[in-house]
Every structure is written in C-alpha cells, then in structure tokens.
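Trainee: Here is how the chains run, residue by residue.
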Amino acid sequence: MAKRTTTAKASPKPAAPVAAAASDAERTLHMSLLRSMLLQRRFEERCAEAYAIGRIGGFCHLYIGQEAVSTGTLSHLRPDDYMITTYRDHGQALARGLTPRSVMAELFGRVDGCAGGKGGSMHMFDKATGFLGGHGIVGGHLPIATGVGFAIKYRGGDQVICCLFGEAAVNNGAFHESLNMAALWKLPVIFIIENNRYGMGTAVERASAINDIYQRASSYDMHRGVVDGQDVLAVRAAIDEAVTRARTEQSPTLLEMRTYRFMGHSMSDAVSGTYRSKAELDEYLKRDPIALLRAHMEERGTLTEQVMQELDTELKAIVQDAWDFAEASPEPPLEALMENVYVDTTSDTGNAAGAWS
Amino acid sequence: MAIITYRDALNQALREEMQRDARVFLMGEEVGVYQGAYKVSKGLLQEFGEMRVVDTPITELGFAGVGVGAAMVGLRPVIEFMTWNFALLALDQVVNAAAKMLYMSGGQFNIPMVFRGPNGAALQLGAQHSQAWESWLAHIPGLKVVAPGTPYDAKGLLKAAIRDDNPVCVLEGEMLYNNKGEVPDGEYIVPLGVADLKRKGEHATIVTWGKQVLVAMAAADQLAKDGITIDVVDLRSIRPLDERAIIDSVRKTNRCVVLEEGWYFAGVGAQITDLVQRECFDDLDSPVIRVTQADAPMPYAKGLEKAAKADMPKTIAAVRRALYLD
Chain A
12 MAKRTTTAKA SPKPAAPVAA AASDAERTLH MSLLRSMLLQ RRFEERCAEA
62 YAIGRIGGFC HLYIGQEAVS TGTLSHLRPD DYMITTYRDH GQALARGLTP
112 RSVMAELFGR VDGCAGGKGG SMHMFDKATG FLGGHGIVGG HLPIATGVGF
162 AIKYRGGDQV ICCLFGEAAV NNGAFHESLN MAALWKLPVI FIIENNRYGM
212 GTAVERASAI NDIYQRASSY DMHRGVVDGQ DVLAVRAAID EAVTRARTEQ
262 SPTLLEMRTY RFMGHSMSDA VSGTYRSKAE LDEYLKRDPI ALLRAHMEER
312 GTLTEQVMQE LDTELKAIVQ DAWDFAEASP EPPLEALMEN VYVDTTSDTG
362 NAAGAWS
Chain B
-18 MAIITYRDAL NQALREEMQR DARVFLMGEE VGVYQGAYKV SKGLLQEFGE
32 MRVVDTPITE LGFAGVGVGA AMVGLRPVIE FMTWNFALLA LDQVVNAAAK
82 MLYMSGGQFN IPMVFRGPNG AALQLGAQHS QAWESWLAHI PGLKVVAPGT
132 PYDAKGLLKA AIRDDNPVCV LEGEMLYNNK GEVPDGEYIV PLGVADLKRK
182 GEHATIVTWG KQVLVAMAAA DQLAKDGITI DVVDLRSIRP LDERAIIDSV
232 RKTNRCVVLE EGWYFAGVGA QITDLVQREC FDDLDSPVIR VTQADAPMPY
282 AKGLEKAAKA DMPKTIAAVR RALYLD
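Chains as they are written, first to last, in the working numbering: chain A, 12 to 368; chain B, -18 to 307.
Since the hints were derived computationally from the structure, they do not count as laboratory data.
Watch out, some of these pointers could steer you wrong.
To be verified - Residues from chain B that keep clear of chain A, each with C-beta distances beyond 12 Å, as calculated: (1) 4; (2) 40; (3) 255; (4) 277; (5) 282; (6) 292.
To be verified - Straight-line C-alpha distance at most 30 Å; calculated DSSO-like pairs for lysine-lysine: (7) B:233 - A:197; (8) A:164 - B:20; (9) B:20 - B:287; (10) B:161 - B:283; (11) A:138 - A:289; (12) B:181 - A:197; (13) B:23 - A:164; (14) B:283 - B:206; (15) B:20 - B:283; (16) B:233 - B:181; (17) B:206 - B:161.
Ideal placement from N, C-alpha and C gives every residue a C-beta, glycine not left out.
From just these sequences and the hints, can you work out the full model?
Mentor: Below, the structure written as structure tokens:
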C-alpha cells in the first residue's frame, strides 16, 4: 500500500487545527472557499427555477451538495492549469472562474454564453481559464484528460490537469484505458471520482464489484486516496498532495471524493423515493458542505452571522445580475447554425523549433 | 520524379511534416519499435525519439482520446489505427469528441489532428477485418475524410491533412501499400476537397476513390479495347466533396457509374447519386449505376470473397449497362 495517499476520513468535523487563533491567511482562504461554494449553491437554485419556467431546456444536472469537491479542487489550480469534467458542470465552471453571466447565458442558450449558446448545460467551455469542457458521454473525457497530460509532458511544462467524473464512470472501459496510460507514461493527471453514490439511479454497490473504488488505482500501481468530499478543507489537502506530485514527479493520482447530490440526477428525477429514501437524503443533508465550513469558521472565529448574511445577499445579487444578463442577451442568429462546424485555417508555417503557444 | 511505394510516400509525408512542425507526433499500436504494422512509420522512431513516435497499448478508444486532448491544447497528433476496423472501438472519440469539440465549444477548441490507417478489405481476412468505413465517417459534420489511391495522392493528402486545423480521417489501403507510382522529389501537397480526373474519356464517368481507383483504371483499360472511353473521377476527398468535378464530368459523358468498396445501403455512392440526379437530371442518358460490395459481411472462402467484392468485371458490366450495351 505504499502508494496509498493519506487523506482525511469521512467525519462530521473538518480536519483542521483548532488550537491557534485564526490568521489573516486562514480567514482569507476560508472566506474564498465559502464564497465559491455559496455562489454555486445560489446560482443553481436559480437554475432550478429557470428550468421550471422554461428558460433552460434540455438536460440539466444540478451539482447542489457537491460544491466542496469543485471548490476544494479548483482553489488549488494555477491559471495555466487545465480542468475537464462531466456534464454536471455548472458549479465547476463557476469554481474555475467563469463568470456567472457567461454560464447563465449559456444555460439560457444565448450568444453571450461561454459557448455562444451552442453547448448548453452539459457543455460549458472556456479556453481562457483552461476549462476544457463539460462532456456528455460518461467516461468519454477521461482519455482526453490523459491526452492533455501527455501534451504537458511533451512540452516539458509543469502544469497539471484535473479530471472530474462520477463514480459510475469507473465501470467504463475508458476509465481503465486512461488510468493505464497515465500511469504507464507518468502523466500529470489528477483523476477525481465524485462519488455521489448514484450513477443516475443505480447505487454504487449495485454497479461496482468493489465498494472502495479508489482501490481500482492499485491495478495501475497509481497513487490513490479516499477523501471526505463534503469537507472542503479535506478536499484541498488531498488535492494539494496530488498537485504537488503531478508537478514535481509528473505522476498521476486517483482520488475518490465521497459526496452526495442533494437533488435528483436531472430535473426529471425526484429528489428521493425510488432508488434512495427520504431518510437517507435527510442523513446526508446534515453534512451539507457549506454548513460544515460555516460551522468550522464560526468555531474558528473567521465568520460572523452578519458577514454570512452580507455574503449571501451579495451573491444573490450577483446571480440575479447573471439572470438579467442572460435574459437580455440575444439568441444566436440563424447564421450561427453553420458556423464552427469546421475552421478554414491550416498551419501554413509549421513550428519546427517547438515554440509552444 | 522518383518511383516509390504508397507506403514510402506516406512515410515521407510523416517525416517531412514532423521535421517541419515539432507539434506533430505519431501515436498508435506498433508504430515505433516494430516500425509500423505495415512499416509506414519505418525509421521515424530512430529519427524523432519515443516522445514523438509513441507506441501505445492496444487501447484504441484511449489513444484516440489522448490525441483529442493533445490537440485541444495545441499539439497536432497523427493517430494511427492498425486498421480502421479497430477504430470502431474509438468512434466515441472520433465522433463525439474530435468532430464536435469546435461546435459545442462555440468555436473555442478546434481539433487539428489526423486519424489514419488502412481501410476496407485485403485478402481473406474475414468479416471483422474487411470493412470500408467511409460512409460512416463522412456522415459526421466536423470530420474531413480522404482516401488516396496512388502514392502521389497519399503523400500530398496526408501532408495536407496534417496541416489542416480540423480532424481529418485518412483512409489508406492494405493492398495499396506496395503499389508504386511517381512522386515528385520536392515539396507538394494535394489540397483537401479537390478531385482528380485520373483518365479522360467520352462515353461514361466512373466516380470512385481510394483503392477502387485502380479497379476503375483497369476497367477503363479493358473498355478501351472495345472503343469505350471513360472519365475516371478520383474524388481523393470524400468530405469535403468536389461536387463540381463530378457534375462537369457527368454533363460531358451523360452516364455515371459510382464504384465504391463498401456496402450498398447508405453508402457514399448514394450521396453521389443524389448529387447527380439533382444537378445533372437533364444530362443523364441512363440511370446512375452503383457498384458496391455484396450486402453481406465479408466471407473468408476465396470464391465467396471474390464474389462479394466490387471488382473490375462488375465495373465493366455496370458501364456497359449504363451504355445499354448489355
């Protein structure tokens, strides 16, 4: 078990020291984490509303309950690092720094969306922040992440790519192929399983032959760990270790973040009743990642009720602004239909010297 | 002009483009140490090293996706499938990722990459190794598809494909690798989407591509003995399609035979027939006739395999029918 990473076990309390008084750095960090998670929460609550009145169409998968994973992960990345994810991608896009306006406009199918209205809920993209997409085929983006890791190594850089996916993807062949190559070639890829317990309506125990799915990495002699995915500080600690390993050793890691989605799989799925019970949901609601951080901050003296209320008010206003912006943004003109099928360029000059852009 | 094999023409294209652009790399099964299952990559590992000539595990979906990811962040991968039959395992990456990334990202991420390898049947390889995939691939908006039939076109098209900023599928032919032809000594490319009139005639047009170009040329030789002269339109690119070249030829000859390696139902020939009936309706003296593989999986037995393939005698018979000679 030499490669098993040490990580926090699931526990109701965040694993942080409680003895010394909070420093300014701790206060700043905690506030930024809280802000990131609460923005996602408030944003997606409005997404549900927008879906109900038809502003958002198609499939829409909410991330509510899982915000500690996106925030904890992305708070550790550099601006030149990369990030790729699955179709449950609104929260992660916000955590990566896409503006609420561009994400909401994309959800509304408008020209000012981050993909010009052509992607939608499942396909957020933003080149500027290295956000390489929300992808709609389970497991399909894992080989792509591996390729980004290959490119980083090819160019001799020290960037990393974080690849997030649900626990159901580990049963897909693409998972095996990707982890094998990433380990074989020592690529700086951090594979992050967001184990929210259900692949749509199928519980992990009904889909995977082993329950500790992070142990699948042992097949590839890959570093691995299991993390309390409701504890943003534990997520950060685990990502810190994995990012350092990726940057310095160009070595991949598989992390299983144990989390829970508080909403249904998509908007057509009841929150509970068929494949999971109300009692189970209620039990997990006690471990709301935002409430956990808030409690921790109050204990540490880094958050007051008044500051919390001010933050909440500010974020609700930001989300309202995003809504208003999206509503005012035009629908794509019909000419856009046939644009972006192909580019009409070629590499006329080559790049014999290997000057990377 | 040197006379070289189709295999060496592809090898030259890869070598020249890798010399020209450090972002270009070759990845696939047996491309490095083994020097290529069909020796197309002979010598490249020695010249460019193992970071740029990458042997993969047998993991088509995986390494096709590695190419897509590398292309998303600025490299220019050439992904070799040992045959396109194996690429079926990778189609999620070809179709759902490479072909759609530009569109669903609203124009932010183009995918400058090449998927290449032999397509279609060789000899007695049975049902799973003898399939021509161009109609599947050409069906997908976002992909370009080329099928060179000669060494000259193989080199020129592969170079153009590597320089193109879109994903391009290059369909080669196992039975073509040893064929020889003239290839210029200097630099040249064959632009994508431009057909080549391989032979000029008066009485009928044969539209074809890839290895069937050789079948069409042989059929035209035979027909010439009976005084029947043929326009052989080698599409070279299936998508984008050089519609003008087809239309101009059919308007001249007034008769059209489409010769393809793959199956009849929903084949590329159906698309060309649609074009011809729409654009040349008043020019046609007979219906468009399609020559295709029999509508069955490829059999192993020699006689059955021969009967299944779209060969020279069937092509000659089709032209004669178009001319109402039989």
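Trainee: Please go over all the hints and tell whether each is borne out by the structure.
Mentor: Evaluation of the provided hints:
1. 4: violated, 5 Å
2. 40: Violated, because the least Cβ-Cβ distance between residue 40 of chain B and chain A comes to about 4 Å, which does not exceed 12 Å.
3. 255: holds, 19 Å
4. 277: holds, 29 Å
5. 282: holds, 34 Å
6. 292: Since the minimum Cβ distance to chain A is about 35 Å, residue 292 of chain B lies beyond 12 Å and the statement holds.
7. B:233 - A:197: violated, 60 Å
8. A:164 - B:20: holds, 27 Å
9. B:20 - B:287: Answer holds: residue 20 of chain B to residue 287 of chain B is near 27 Å, not above 30 Å.
10. B:161 - B:283: Holds - the C-alpha atoms of residue 283 of chain B and residue 161 of chain B are around 26 Å apart, at most 30 Å.
11. A:138 - A:289: violated, 40 Å
12. B:181 - A:197: violated, 56 Å
13. B:23 - A:164: Measuring from Cα to Cα gives roughly 25 Å; hence the hint holds.
14. B:283 - B:206: holds, 29 Å
15. B:20 - B:283: Holds, at roughly 26 Å.
16. B:233 - B:181: holds, 11 Å
17. B:206 - B:161: holds, 25 Å
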